[in-house]
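We have chain A; now place chain B with the ligands onto it with these hints.
Protein sequences appear in the order of chains A and B.
The opening position of the first sequence corresponds to residue 1 in the working numbering, with each subsequent residue numbered one higher.
The opening position of the second sequence corresponds to residue 1 in the working numbering, with each subsequent residue numbered one higher.
Simulated from the structure, these hints should not be mistaken for laboratory data.
Be aware that a few hints might be false.
Here are the computed lysine-lysine pairs in the DSBU-like style, where the Cα-Cα straight-line distance is at most 30 Å [said to hold, decoys possible]: (1) A/LYS325 x B/LYS193; (2) B/LYS62 x A/LYS200; (3) A/LYS166 x A/LYS325.
If you want the footprint, here are the derived chain B segments under chain A, 3+ residues with CB under 8 Å [what the hints assert, rightly or not]: (4) 25–32; (5) 58–72.
Virtual Cβ for every residue (Gly too), placed ideally from N, Cα, C.
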Amino acid sequence: MRIESRQQFDTAVAAARDTRLSKGREVWVCCGTGCLANGSKAVAQAFDDRIREDGLQASLGLYHKTTGCHGFCERGPLVVIQPEGLLYTRVRVSDVPEILDRTVRNGEVIPRLLYKDPATRQSYAKYDEIPFYKHQIRVSMRNIGRIDPEDLDDALAHGAYAGLAKALFQMTPDQVIAEIEASGLRGRGGAGFVTARKWKACRKARGDRKFVLCNGDEGDPGAFKDRSIMEGDPHGVLEGMIIGAYAIGAHEGYLYVRDEYPLAVVNVQKAIEAARERGLLGTNILGTGFAFDLRISRGGGAFVCGESSALMRSIEGRTGEPRAKYVHASDKGLFDLPTNLNNVETWADVGAIIVNGGAWFAGWGTERSKGTKAFSLVGKVKNTGLIELPMGTTLRHILYDIGGGMLKDRPFKAVQTGGPSGGCLPADKLDLPVDYEILSENGSMMGSGGMIVMDDRTCMVDVARYFLKFLSEESCGKCVPCREGLKQMLLIFDDIVSGRGKTGDVERIERLCQGMQLGSLCELGKSAPNPVLSTLRYFRAEYEAHVGRKACPAGMCRDLTAYEIVQESCTGCHQCPKVCPTEAISGGAKMKHVIDQAKCISCGACFDVCPEDCIRFFPRAEAKEAAHANADH
Amino acid sequence: MPTLTIDGHTVHADHGQFLLAACRSAGIQIPTLCDHPAVEPYGGCRLCVVDVTRPEWNGWCKMVVACLFPVEDGIVVHTASTRVIEVRKVVLDLLLARCPDTPLVRDLAARHGILATSYVRNQQPTDCILCGLCTRICDRMGMSAIGSVDRGAGREIATPFREPPAACIGCLACAEICPTGFIRYESGTARRKIWDKDFDMLRCPRCGRSHITVAQADFFAGRGGVPRSYFEICDVCKRKDLAVAATRLACATETPAR
Ligand SMILES: Cc1cc2nc3c(=O)[nH]c(=O)nc-3n(C[C@H](O)[C@H](O)[C@H](O)COP(=O)(O)O)c2cc1C
Ligand code: SF4
Ligand code: FES
Chain A
1 MRIESRQQFD
11 TAVAAARDTR
21 LSKGREVWVC
31 CGTGCLANGS
41 KAVAQAFDDR
51 IREDGLQASL
61 GLYHKTTGCH
71 GFCERGPLVV
81 IQPEGLLYTR
91 VRVSDVPEIL
101 DRTVRNGEVI
111 PRLLYKDPAT
121 RQSYAKYDEI
131 PFYKHQIRVS
141 MRNIGRIDPE
151 DLDDALAHGA
161 YAGLAKALFQ
171 MTPDQVIAEI
181 EASGLRGRGG
191 AGFVTARKWK
201 ACRKARGDRK
211 FVLCNGDEGD
221 PGAFKDRSIM
231 EGDPHGVLEG
241 MIIGAYAIGA
251 HEGYLYVRDE
261 YPLAVVNVQK
271 AIEAARERGL
281 LGTNILGTGF
291 AFDLRISRGG
301 GAFVCGESSA
311 LMRSIEGRTG
321 EPRAKYVHAS
331 DKGLFDLPTN
341 LNNVETWADV
351 GAIIVNGGAW
361 FAGWGTERSK
371 GTKAFSLVGK
381 VKNTGLIELP
391 MGTTLRHILY
401 DIGGGMLKDR
411 PFKAVQTGGP
421 SGGCLPADKL
431 DLPVDYEILS
441 ENGSMMGSGG
451 MIVMDDRTCM
461 VDVARYFLKF
471 LSEESCGKCV
481 PCREGLKQML
491 LIFDDIVSGR
501 GKTGDVERIE
511 RLCQGMQLGS
521 LCELGKSAPN
531 PVLSTLRYFR
541 AEYEAHVGRK
551 ACPAGMCRDL
561 TAYEIVQESC
571 TGCHQCPKVC
581 PTEAISGGAK
591 MKHVIDQAKC
601 ISCGACFDVC
611 PEDCIRFFPR
621 AEAKEAAHAN
631 ADH
Chain B
1 MPTLTIDGHT
11 VHADHGQFLL
21 AACRSAGIQI
31 PTLCDHPAVE
41 PYGGCRLCVV
51 DVTRPEWNGW
61 CKMVVACLFP
71 VEDGIVVHTA
81 STRVIEVRKV
91 VLDLLLARCP
101 DTPLVRDLAA
111 RHGILATSYV
121 RNQQPTDCIL
131 CGLCTRICDR
141 MGMSAIGSVD
151 RGAGREIATP
161 FREPPAACIG
171 CLACAEICPT
181 GFIRYESGTA
191 RRKIWDKDFD
201 MLRCPRCGRS
211 HITVAQADFF
221 AGRGGVPRSY
231 FEICDVCKRK
241 DLAVAATRLA
251 CATETPAR
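The shape of chain A in the complex, shown without the other chains (with noise of 0.2 Å):
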């Protein structure tokens, strides 16, 4: 039924709770793409099935549903008990009967189940004590992983579009616009550039056609935050945008979607009709007159896509491709209409920051980057996901603390932040607070939010060029020094890595960079040597070992690293050998082991694997002035 006032509304949402929200147990399976990847779909039904047979439903007052990503992928799949707040982690089919039986029935916990800490070996029963949680603080990921994304009264039970409510109904547009002012908040897309300022100028454009936009292309490989958000919580993203055209004085909106991402499409397209059906989307909302529609845009995937004027062309149903941007898109956007774009993080904060003030958002964070954060964690932590932090959280903290410290207690490196064209920063700036400004200041960037841990190792060189060929296969070619800059800078990369770099070429690439930055069409190339600059700044000796002495300090550059047994501390455990894909060690168990040079590929393979870590890694250089030395005697 329509929503048409603000006691219509107040009523649905004591309806919802009342049907939503369990007296009793409740069941949350994670039904997010990385635990349905893991066989979640399986365990639901399980669920499903066990609950309905049983007739628990009615019995216990059991509430199960499914929910999006709780952001600990690599533990699923996740089952939450309420009310008492339980994680279960890597459940299967077979879990299920027990689960019930045990712990919905009669309260008990299953330590099988449980999450252990790989590094204290600790269990945890409740879901806030374990650290990866329990230092998060959750706004624009509010009720992902609590609410079913397709259930809009599940949404509303759990506070969604109160903020819509308190905007339409209690608030003029400026007085939201002063709202997100106060609350500090700035793109979460890339830019961080001031939301409140953005949607000022828009609203000040002059013409009655506006648009408001949400980019939802997160084409940084890896990255998965706003993925999990429309997924997860789609009624979250929307709400923010109705509230965000309601202060600009827009009445059409387009959500850009990748392709790659279906569920995300599914999950907002039904938050979409459903929001529409009950009255929060369409023609006068909430009874109150102002109307507001939305479509989906469902991009083609590439990555420059994400870029807004790009974006904008691609919504046209022209060629995704960026054009000059001296007329802002809020003058000129969308089919040069006023236009206002922003990332889906920043639109899923609107509603939380309308419904408890601007002053609550800015409680969190530093001077000039206030509220909370999404990231992805990912690399050579122990505990990877998404997590959401108040902005000014250190690097330190996030690895150590939430991240559970380095996989195999291996010496960090770099954490590269910021997505494909960000930096990579070394182990003396772990200290520094995440902000946009300190974050630049020290040659990385926030981008979307994307962090990369690396461990000793990890060639810096060759992560300078992985990020490169990313860019290089993702510039769309339209500008000079983006398209024939990629190409030539990865031309010299390639020679370093293999030992064909020559004198000179360090300071080719610096003059390459400065003519990128300065003289690329879009951000894309602009920002494009940030991979490069940051390594150079902090690696510089890297670089210079493998120009001049063709040496990899990581020994990872497989053109120039050799590996040799140290025959004093083998201790024959014949590990290697099974491990070696071109059959290069000898050497039968209980022996010392030896690797023939003239098979060895360099693969690290047995290095990897030794657990005495007696094999020993040296530029190959040296391995060919020793061979030579042979020869001559």
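Coordinates of chain B with the ligands only, in the frame set by chain A:
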């Protein structure tokens, strides 16, 4: 009327004018490769970069492309600052690596002191500088028969599915606007061939000269308003007709006076 300073000269520009035009009207030369009066500015070659600043910016400059930057009152423009020249050189150096044998590129590079590229010379030299003039003029003509395919360094100008383009009418606008002669075509009295598509030529009923393709005449006539026969007569004959008509008119007006 916006007033700006370009390399120390005070210049009065028109509202909505782009900086490149303002520079040129002040007699300041700026190299360009993708700009052309027949099409919308594009901003692809990046040769027309200039530094823009304002007195209150305390020395901070932003680099923009002149072909797309709308003039603003009070701006101070430097068209040949050290970094502007440096960016142009990097761009030309890179273009020369891509098009090492293309006279236009070689000349422009040489004028900036670059005689050989400092990067890796293209293994398959091409004359296409990807200025986008051909695709833009084709769009402008209303055909959009050609476009750019692939991304990054693999970008190319091509026809859809690399087949003879269905929408092409053989007007040769692309080939004529191409600054390097990269787009090849053959045109004879009976047939014309471009983008691997064959066209029959139309002979002017007056002089017999083959002047446009049948497809062109069909397309223009299809747009309505003017009968097909109008397009069949070649421009030369049309001009002749016009001249004859004008003379007649002149005689007619002179007669009564006599
Ligand atoms: C190459 C490139 C890719 C981008 N990709 C995204 C993206 O996937 N998602 C996104 O929100 N912003 C992306 N951006 C940033 C957008 O251009 C834009 O700044 C942002 O969507 C604005 O929203 P915000 O102010 O809420 O951050 C990208 C920018 C560039 C240059
Ligand atoms: S900088 Fe790169 S991605 Fe951006 S317009 Fe130029 S070629 Fe395209
Ligand atoms: S003429 Fe301005 S970028 Fe090419």
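So, going through the hints one by one against the coordinates:
1. A/LYS325 x B/LYS193: Since the Cα atoms of A/LYS325 and B/LYS193 sit roughly 39 Å apart, the hinted pair is violated (cutoff 30 Å).
2. B/LYS62 x A/LYS200: 24 Å, holds
3. A/LYS166 x A/LYS325: 35 Å, violated
4. 25–32: violated (count 0)
5. 58–72: With 6 residues in contact (Cβ-Cβ under 8 Å with chain A), the coverage given for the segment 58–72 of chain B holds.
Consistency with the previously given hints fails for numbers 1, 3 and 4, ordered from lowest to highest.
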